[in-house]
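> Protein chains in written order, with numbering that gives the first Met the number 0: chain A, 0 to 136; chain B, 0 to 136; chain C, 0 to 207; chain D, 0 to 207.
One or more hints might be untrue.
[As the list claims (entries may be wrong)] In silico DSBU-like links for lysine-lysine, alpha-carbon gap of 35 Å or less: (1) 92/D to 55/B; (2) 76/B to 55/B; (3) 76/B to 62/D; (4) 92/D to 76/B; (5) 55/B to 173/D; (6) 55/B to 173/C; (7) 76/A to 92/C; (8) 62/D to 55/B.
Read the hints as simulated data drawn from the structure, not as lab findings. Computed from a predicted model, the values in this text were never measured in an experiment.
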Amino acid sequence: MTVGIVLVSHSAALARATADVAGALSGPDVLLEPAGGTDDGGMGTSIELIRSAVTKADAGDGVLILMDMGSSVLTAKTLQADLEDADLEEDGGEPTVRLADAPFVEGAVAAAVLASTGADLEAVAQSAEQAWSMRKL
Amino acid sequence: MTVGIVLVSHSAALARATADVAGALSGPDVLLEPAGGTDDGGMGTSIELIRSAVTKADAGDGVLILMDMGSSVLTAKTLQADLEDADLEEDGGEPTVRLADAPFVEGAVAAAVLASTGADLEAVAQSAEQAWSMRKL
Amino acid sequence: MTLDTATTIAWITRAAELVRADESRLTALDAAIGDGDHGANLARGLAAAVTAMGEKEPESPGKALIAAGRGLVAKTGGASGPLYGTGFRRAGKELGDGGDVGQVGAALEAMLRGIEELGGATQGDKTIIDALAPAVVAFQEAAGNGSDLHAAAEAAADAADAGLAATVPLQARKGRASYLGPRSVGHEDPGAASTALILRALADVTAP
Amino acid sequence: MTLDTATTIAWITRAAELVRADESRLTALDAAIGDGDHGANLARGLAAAVTAMGEKEPESPGKALIAAGRGLVAKTGGASGPLYGTGFRRAGKELGDGGDVGQVGAALEAMLRGIEELGGATQGDKTIIDALAPAVVAFQEAAGNGSDLHAAAEAAADAADAGLAATVPLQARKGRASYLGPRSVGHEDPGAASTALILRALADVTAP
Ligand SMILES: Nc1ncnc2c1ncn2[C@@H]1O[C@H](COP(=O)(O)OP(=O)(O)O)[C@@H](O)[C@H]1O
Ligand SMILES: Nc1ncnc2c1ncn2[C@@H]1O[C@H](COP(=O)(O)OP(=O)(O)O)[C@@H](O)[C@H]1O
Ligand SMILES: [Mg+2]
Ligand SMILES: [Mg+2]
Ligand SMILES: [Mg+2]
Ligand SMILES: [Mg+2]
Numbered sequence: 000m001t002v003g004i005v006l007v008s009h010s011a012a013l014a015r016a017t018a019d020v021a022g023a024l025s026g027p028d029v030l031l032e033p034a035g036g037t038d039d040g041g042m043g044t045s046i047e048l049i050r051s052a053v054t055k056a057d058a059g060d061g062v063l064i065l066m067d068m069g070s071s072v073l074t075a076k077t078l079q080a081d082l083e084d085a086d087l088e089e090d091g092g093e094p095t096v097r098l099a100d101a102p103f104v105e106g107a108v109a110a111a112v113l114a115s116t117g118a119d120l121e122a123v124a125q126s127a128e129q130a131w132s133m134r135k136l
Numbered sequence: 000m001t002v003g004i005v006l007v008s009h010s011a012a013l014a015r016a017t018a019d020v021a022g023a024l025s026g027p028d029v030l031l032e033p034a035g036g037t038d039d040g041g042m043g044t045s046i047e048l049i050r051s052a053v054t055k056a057d058a059g060d061g062v063l064i065l066m067d068m069g070s071s072v073l074t075a076k077t078l079q080a081d082l083e084d085a086d087l088e089e090d091g092g093e094p095t096v097r098l099a100d101a102p103f104v105e106g107a108v109a110a111a112v113l114a115s116t117g118a119d120l121e122a123v124a125q126s127a128e129q130a131w132s133m134r135k136l
Numbered sequence: 000m001t002l003d004t005a006t007t008i009a010w011i012t013r014a015a016e017l018v019r020a021d022e023s024r025l026t027a028l029d030a031a032i033g034d035g036d037h038g039a040n041l042a043r044g045l046a047a048a049v050t051a052m053g054e055k056e057p058e059s060p061g062k063a064l065i066a067a068g069r070g071l072v073a074k075t076g077g078a079s080g081p082l083y084g085t086g087f088r089r090a091g092k093e094l095g096d097g098g099d100v101g102q103v104g105a106a107l108e109a110m111l112r113g114i115e116e117l118g119g120a121t122q123g124d125k126t127i128i129d130a131l132a133p134a135v136v137a138f139q140e141a142a143g144n145g146s147d148l149h150a151a152a153e154a155a156a157d158a159a160d161a162g163l164a165a166t167v168p169l170q171a172r173k174g175r176a177s178y179l180g181p182r183s184v185g186h187e188d189p190g191a192a193s194t195a196l197i198l199r200a201l202a203d204v205t206a207p
Numbered sequence: 000m001t002l003d004t005a006t007t008i009a010w011i012t013r014a015a016e017l018v019r020a021d022e023s024r025l026t027a028l029d030a031a032i033g034d035g036d037h038g039a040n041l042a043r044g045l046a047a048a049v050t051a052m053g054e055k056e057p058e059s060p061g062k063a064l065i066a067a068g069r070g071l072v073a074k075t076g077g078a079s080g081p082l083y084g085t086g087f088r089r090a091g092k093e094l095g096d097g098g099d100v101g102q103v104g105a106a107l108e109a110m111l112r113g114i115e116e117l118g119g120a121t122q123g124d125k126t127i128i129d130a131l132a133p134a135v136v137a138f139q140e141a142a143g144n145g146s147d148l149h150a151a152a153e154a155a156a157d158a159a160d161a162g163l164a165a166t167v168p169l170q171a172r173k174g175r176a177s178y179l180g181p182r183s184v185g186h187e188d189p190g191a192a193s194t195a196l197i198l199r200a201l202a203d204v205t206a207p
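Could you put the whole structure together from the sequences, leaning on the hints where they help?
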C-alpha cells in the first residue's frame, strides 16, 4: 500500500520544491505530485491541475492533498466535493482523497515519510496534521 | 522601521519560492532573502549563504530567520552564536538576528505581512511563531 | 417574467460584460487589500462560464447555472473561482426547471449557503457574503411583498451595493486581505464589489 | 606526550584521512537512515578544516581547533557541520595553550557539551552523542587512573566504537533519521560512526 500525495500551492515553484524536499526523505516509492499555479503558469490555483495530479498520485490506496493557503484550500475542497459527487453519480471509480489541515512543508515531509512505510491514508493524514505541534528550537 | 527576513532551507528552490510567495503578500518594501542549499548549489545548508542573506536583509532594524528543518536550524543557530560573539569581541556593528520557531511557509507569510506594517523584530517574530496555531480547514 | 433558460444564459453573459467593463476597478480594489488579480480572475472565469453554457446547450435554467459554475471553478484561478463556482452550482441544483420569483429567491439563498459553507465566512468578515447576504434578504422580502422578478432583482442589487459600501470600515477576517489585519480597513472588498455586479446583471436581464 | 599545536593539526589531518578512506561506508550508513551524504559532507568539511588550520598558522592547540571548527561549519553542508564545528570550537576554547591529558579530557568534555547544547540530543537518541559521551567518560576514567594521553585516547576510541555498535538497535530521535521512526532501527548511526573515526585519529597521532 502506498498513499499518494498532492501539493497544492499558489506557486508552481513552491509546490515543486516542496515535493522535491519531501521526496528526498521518502524515497522514490511515494508519488508526490505538485499542483501549483494556474493552468497558464501564473500565481493562483487550477482545479484541473489538481485533478490530474490526483490521478497521477493515486495508486489505488488514496491520495492526501496538502494546501498552502486561500484559494488552494477552497479549490481543493471543491475538487473533493466534485469527486464525491461523481463517485455517487457514476461508477464509483474516483480516487479517494483526503485533505490535510497541515503546515505545508512540514506536513508534506511527515506525510511522505510515513507513506513510504506503507501506512494507510488516515495514518498519513494524521502524521501531516500532527506537524502543527512540532517545534524547531 | 522594516525588519528583514531570511529563509533558510536545504533547498535553494524552496527558499526562493517561499520568498516569492511571501513577497507577493507583503509588497516590495520588505527585504526577503532566500538562503537555500549549499554554497555549490546542492541540497544542504551554508553558513556563508545565510550570513550574506542576513547582511542583505538588514536595514538596521534586525533580521528574522526562518528555517525549514535539521541542518537549517543548526546552522542558523551557529550563525547567531557567531554574530553574538563577533558583536562582543569587535565593534558591535553586527545585525541583530532572531530565529523564528515557525512553520516555514506559513510563518514566512505571516512575518512578511507584519513586517510590511513597520512592526518591530519581536512582533514580527511572534507573528511567525503564532502560525503554529493557524488552521486551514 | 420568469427566469427561463435563455434569460439565465443572458444573466451570466451580462455579468461577464459588467465585470469586463469594470475589470480595472475590481483589480484596483484587490491591489489595495489583496494581490490585484480579482478583475482579471473573474473576467476570465465568467468568460469561461459563458463558453461552458454555450457548449452544454443546457435545457433548463438550473443546468445553465451548473454549467456556468463549472466554467468559473475551472478558469478563475483565485479564491473567488471555487466560491462563485460552488455558489452557482448550488443555485442551479436548487433552481432546476423552475424560474418564478420564489424559486429564484430560493436559488439565491442556496448560492449564499454554498459560499458560506465552502469559505466559512459570515457577514462582517469583509467578503462576498457582505454583499450577497443582504441581497438575498432584500430579494426575498420583495418577493414576499408581491414584487415581480425584476423588482426583486433590483432590490437585491441595491442591497448588494449598500452591503459593498458597508465593507469599507470592516477589517477582513477571511481571504488574503485578512493577513493585512487593521490595514484592510478603509477599502471596499473586491469580492463584494463583483457580487454587486452579478446581482445588477440579474436586474438588467429581467427588465421588462 | 602532550597535545601541542603540531599534534593537534596532525589529529585533524588524520581524521580527514580516515573519513576520506571510509567515505563510502559513512555514505552508505546515511543512505540507510538519512539522505546519503554524510561521507561526502564530512570529507569536504574536514578538508576545509585542514585548509583553515594551514591558513591560520595557529600558535596554540586551542587556536588550531577553533580554526578547524570554523572550516567544518563553513563547508560541511549537513547537520554534522555545525555540530562538529561547534564542538571543536568549544574544545579549542577550553584547551587554550594546554595539552596535557587532563586538559585534553576537559576539552573533549567541552566538545560534548557544545554538541549537546546545539543539537539537543542526549544519549540514546542515535546520534554523535552515543559515541562521544562514552568516549569522554572512558578518556577521563583512563586519565584519572594515570594513563598517558595515548592510552586515554585509545580507551576513548574503543568506547566510541562500542557506542557506535550500541546505536544499531536504537530508534533515532534527532536529525533526519528521526523522521523514519521505527524504520531507523537496525542500522549504525552515521554520525556516531564518524565520531569513532575522529577519536581513533586522536589515538593514532598520540602514539609514541
Ligand atoms: N473564505 C472566503 N469566503 C468568502 N469570500 C472570500 C473568501 N476568501 C476570499 N473571498 C473573496 O474573494 C475575493 C478575492 O478574490 P480573488 O482576488 O479572485 O482571489 P485571490 O484572493 O485568491 O487572489 C475577496 O475580496 C473576498 O471577497
Ligand atoms: N540534533 C542532533 N544532535 C546530534 N547529532 C545529530 C543531530 N542531528 C543530526 N545528528 C547527527 O548528524 C548525522 C547526519 O549528518 P549529515 O548526514 O552530515 O547531515 P544531514 O542529516 O543534514 O544530511 C546523524 O547521523 C547524526 O549522528
Ligand atoms: Mg486576488
Ligand atoms: Mg490571487
Ligand atoms: Mg545526511
Ligand atoms: Mg544532507
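> Is the hinted pair residue 92/D and residue 76/B satisfied, with a Cα-Cα distance of at most 35 Å?
Holds, because 19 Å separates the two Cα atoms, which is no more than 35 Å.
> Given the hinted pair residue 55/B and residue 173/D, is their Cα-Cα distance within 35 Å?
holds, 32 Å
> Below or equal to 35 Å on CA atoms is what counts here, so check residue 92/D against residue 55/B.
Status holds; Cα separation ~31 Å.
> Holds or violated: are the alpha carbons of residue 76/A and residue 92/C at most 35 Å from each other?
The hint holds at about 19 Å.
> When you check the alpha-carbon spacing of residue 55/B and residue 173/C, does it fall within 35 Å?
Given that 35 Å is the threshold and the Cα spacing comes to 33 Å, the pair holds.
> For the pair supplied as a hint, residue 76/B and residue 62/D, confirm whether the alpha-carbon distance does not exceed 35 Å.
Answer holds: residue 76/B to residue 62/D is near 22 Å, not above 35 Å.
> Is the straight-line distance between the alpha-carbon of residue 76/B and that of residue 55/B 35 Å or less?
Since the Cα atoms of residue 76/B and residue 55/B sit roughly 18 Å apart, the hinted pair holds (cutoff 35 Å).
> Residue 62/D and residue 55/B were given as a pair; does the straight-line alpha-carbon distance stay at or below 35 Å?
Holds, at roughly 30 Å.
No hint from the list above goes unmet by this structure.
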